[in-house]
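In order, the protein sequence lines correspond to chains H, U and D. Residues in the first sequence are numbered consecutively from 1, following this note's numbering. Residues in the second sequence are numbered consecutively from 1, following this note's numbering. Residues in the third sequence are numbered consecutively from 1, following this note's numbering.
Simulated from the structure, these hints should not be mistaken for laboratory data. Since the model is a prediction, treat every value here as computed from it, not as a measurement. Among the clues, some could well be false.
[Unchecked claim] If you only want the chain H side, here are some residues facing chain D, beta carbon under 8 Å, derived:
1) VAL88
2) GLN110
3) ILE348
[What the hints assert, rightly or not] Cross-link-like lysine to any residue pairs, in silico, SDA-like; alpha carbons within 20 Å at most:
4) LYS488(U) <-> ALA225(U)
5) LYS76(D) <-> ASP292(U)
6) LYS224(U) <-> ASN125(D)
7) LYS221(U) <-> MET131(D)
8) LYS207(H) <-> LEU65(D)
9) LYS78(H) <-> PHE53(U)
10) LYS390(U) <-> VAL18(D)
11) LYS431(U) <-> ASN37(D)
12) LYS429(U) <-> HIS87(D)
13) LYS127(D) <-> LYS141(U)
14) LYS82(D) <-> ASP428(U)
15) LYS179(H) <-> ASN37(D)
16) LYS431(U) <-> VAL18(D)
17) LYS84(D) <-> PHE53(U)
18) LYS317(H) <-> GLY225(H)
19) LYS141(U) <-> LYS304(H)
20) LYS221(U) <-> PHE91(D)
21) LYS176(H) <-> LYS157(D)
22) LYS5(D) <-> LEU65(D)
23) LYS78(H) <-> LYS304(H)
24) LYS224(U) <-> VAL18(D)
Ideal Cβ placement from N, Cα and C applies to all residues, glycine included.
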Amino acid sequence: MKLNKKLISSMLSVALIGALALSGCASQSSSSEPAASSSSTSSSSSSESTDYPKSAMEFIAPSGAGGGWDLTIRTVAKVLQDTSLVNVPMPVTNNSGGGGGVNLAYMQTQEGSDKLISVYSPPILLINLNGSSEYSYKETTPIARLITDYGAFVVPKDSPYKSIADVMDALKKDPKSVKIGGGSSAGSMDHIQFLIVAKAAGVTDLKEIDYISFQDGTATAQILGGHVDLLTTGLGDVQSLIESGDLIALAQTASDRVGEGALAEIPTCKEQGIDVTFENWRGLFGAPGMPDYAVDFWRDTLKKMTETDEWNAERTKHGWADAYMDKEDFESFLAEKNEEYKGILAEIGLLAE
Amino acid sequence: MEVLSLFFDGLLTAIQPYHLLLITFGGVLGTIVGMLPGLGPATGVAVLLPITFSMSPTAALITMAGVYYGAMFGGSRSSILINTPGDGAALAATFDGYPMAMNGKAESALAISAIASFIGGLISVVFLIALATPVAKFALKFGPAEYFLLMVAALSMTASMSKGNMVKGFIATLFGLMISTVGIDAQSGIPRFTFGILELQTGIDFLVVIIGLYALGEVFKAFKAINEGKKIPQKKFGRIWISKEEWQKTWLPILRSTPLGFVVGALPGAGGTMASLMAYNNEKQFSNNPDDFGKGEIVGLAAPEAANNAASVGAFIPMLTLGIPGSGTTAVMMGALLMLGIQPGPLLFTQHPDVAWGLIASMVIGNFVLAIVNIPMAGLLVRVLSVDAKILYPIVLGLAFVGTYAISSSVVDFFILIIFGVLGYFMDKIKIPTAPMILAVIVGGTMEQSFRQATRISNGSLGIFVESPLALALIAITVISVVYPAIKASLAKRKAKTV
Amino acid sequence: MEKQKTNFDFLTGLITIVIGIVYGIMSYMLKRSPMGNPLSPSIFPLILACGMVLFGIILLLRSDLETTKRAFAQIKATTTAKDKLSHQMIFATVAAAIIYAFLFERVGYVIATFLFMSFMLTITNGKKWLMNLLTSLIFSIVVYYVFSYLLGVILPKTPFLNI
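Chain H extracted, bound-state conformation:
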């Protein structure tokens, strides 16, 4: 019994201090959890006839805190709250594992839920195609595409490669001559984005190209130390190192240059004669069989959100391009991308039978 008392008292003290700190910040922000009852008048102005959503949503980032998915869904939750478009709590949980596959399996157990919303990007297609997840995007309810990020190919500042064409020429002569590093596992996003570009540049031996996967975020250190020749990564991930001149970006995968400052100086693949783009699109997905009233509410709400100044400010801050796409377009987009990735994976032998 004694321990219980102690447990309780220590828990209470945490709660107390927590409350203190919360009230401390309350003066700076509006409120971290708007009361659903008091502000329901503002939400009733929306086209929704029913009073959905009534209770807290379940927002899920399929990766650990701090990654791209996490950042996206937390930003969405923040903007929806700040703009009062949604007035129920939207706590974000991290359900990581299997490159998103664990959450995909979890979503199957929540079939028909009107609460669950998760963020995904190309890996939702790739993990199914390469066989690491038995579920595909078809076992979810795509709601809307929101933004895209782009890929970048960077080299150390003293690299012999001055343009992406140099790299491709070297690969054409000897596919083993350039060692490609990336942060995702083989057959997942960083790898595929490089291969799509290499294929468009006319490199034929895609299978022979050495892709070296560095997980736990050590890939950037490896390129800085010159242990690999080229890093395939996200444009935003190496921004500060490009600005400081420690790394040189040979190309970005957007169709027109995006970003500001140093990022805007990176030439696109297209400018360098490789007619290809790669988009790291991100969109929101509900549980399979999400009820129509919920789907309609979120389609409508997200469309409104993407038109707000708050959302656009956040987008610019993170260097995300607007890529809003409503449910139907998004679904056909997903089907199209699925075929494209399938082709590349088949070519390198990573397509699951």
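For this one, chain H is given, so just place chains U and D on it according to the hints.
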């Protein structure tokens, strides 16, 4: 001089009452989160994420940093008192910390752990200010080949120091490495040893292994004690402090372990567990009576504690100087900074000096606050020892399960936990050491990947492992770590014979 | 005369070799890598398997069957009724934990934990019902609230009540 004035500006920021309150709040939360099995600093920091969005970047960062050090202080509390490390970095604290508590020296154990943590943390901040850039440059020299050799060095050190015999230490290491091969192979995308279970694709989390071997193992052992009606280890408690003799014994090991921990912590992906185990092994080798280690030798607790806190400060270097997360916890903190519109990286110190220096100064303040808060907290916690085992161990069991669920929200981990609990019980019976196995599970994944990365870069040639001077130095350390204890032992034998 | 040594090294060596061989075969049977060296996912596990077999043999050679036999005999001779009780308790704990795992997501954290803890306390603490039930109840509720609300670790909800 400019550095000093910037640092003092930072100090002024950190010492504002509002920030001081946040540091304390973070520290206390971190200490508690760190004590619970399965929950580590990364969880603690993630919990704070939504709260920090409404704060200024400086306030957010110092709160999270408070949680981080708090967890480093707290992780070893449960190691000492119930032989259950809160996370990997607190593993080494069980070796001598728990025996100390069983010998009735829980007060000294808790005190030295706080003192060593404090000194290790504080000195490391000085290192951070003076040496951040050169250390970051040094860390970049570690390519896949060097990482592989570093892991080999750490593993062979730990295996060779195992009590009893070295052969069993190596068997435990190999077994741990085998466990680490479960999951999707990152280099080829092929699932290995997953038996078609989705949850196994990400591998077996080392925390589940630790909780199983230690928490469950401890509960199983306690049944015997309960049945035999063994007495409660301690009823009366003294002041949480150490004696003069204990201080004279430990100050030098603390100072030796700090730089080691700092450098290992600065290597992205290496971390506190490796740092603390290496420090422990070092001190055992330096010691005149290595046989006392594992039986409640205070040096064996002080050294890893200092190294572990030094490593947590070192882990900030890659983040602050390069924008690369050095550990799981700093990865979450980087995410928080991005949300607040700050890009960590080489330009952080010039673009946002207030944030960078505020953080560094908060580490100094945080260390003081934690040392002050922790000593009275330890005075309360030590009373766990007076709780009846019949009640205590079911509670430990309950916490072990909820902690496991917190790691990946999966019940599949419960079965893994149970398997390792039973395994730990038998390993104890046949005298196979668990520490080398746990370290192997932790570093195994990186070790194999580094090996494959290195050989892929070298087109299959093993020459890459002897190419750089750093690689050769690491090989030398490995050889010494295996050969030295053997020579030392045979010398001691010869001496004993001649006398 | 030296006391006769007892240890399980002979048995441990054997187990190590068996594990090494089984693991080695499983490693060889792994899917081949489509890119680069087809055996690349198997190489490291195969090295580990060889190491296990090697160290198993070393351990085996350094020990002998007699010491292990003696160790078993010693265990048989020294096992008391209390030790047997401990073993039964371990067995009961494992069984309870498996049931707990099955119930966990079906009946929610609070109920599953309450049942599990009550059972565990009964086997360690005996039939002090009031204290056992109260401890279990407080533990499950406090942990549920602390984890779900303060620490943001969402534990399975209680069905129907939805709290």
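Do the hints match the structure? See the list:
no.	hint	verdict
1	VAL88	violated, 15 Å
2	GLN110	violated, 12 Å
3	ILE348	holds, 6 Å
4	LYS488(U) <-> ALA225(U)	violated, 37 Å
5	LYS76(D) <-> ASP292(U)	violated, 32 Å
6	LYS224(U) <-> ASN125(D)	holds, 13 Å
7	LYS221(U) <-> MET131(D)	violated, 23 Å
8	LYS207(H) <-> LEU65(D)	violated, 53 Å
9	LYS78(H) <-> PHE53(U)	holds, 9 Å
10	LYS390(U) <-> VAL18(D)	violated, 39 Å
11	LYS431(U) <-> ASN37(D)	violated, 39 Å
12	LYS429(U) <-> HIS87(D)	holds, 13 Å
13	LYS127(D) <-> LYS141(U)	violated, 63 Å
14	LYS82(D) <-> ASP428(U)	holds, 19 Å
15	LYS179(H) <-> ASN37(D)	holds, 15 Å
16	LYS431(U) <-> VAL18(D)	holds, 18 Å
17	LYS84(D) <-> PHE53(U)	violated, 56 Å
18	LYS317(H) <-> GLY225(H)	violated, 29 Å
19	LYS141(U) <-> LYS304(H)	violated, 49 Å
20	LYS221(U) <-> PHE91(D)	holds, 13 Å
21	LYS176(H) <-> LYS157(D)	violated, 53 Å
22	LYS5(D) <-> LEU65(D)	holds, 12 Å
23	LYS78(H) <-> LYS304(H)	holds, 14 Å
24	LYS224(U) <-> VAL18(D)	violated, 31 Å
Violated hints for the displayed structure, listed by number in ascending order: 1, 2, 4, 5, 7, 8, 10, 11, 13, 17, 18, 19, 21 and 24.
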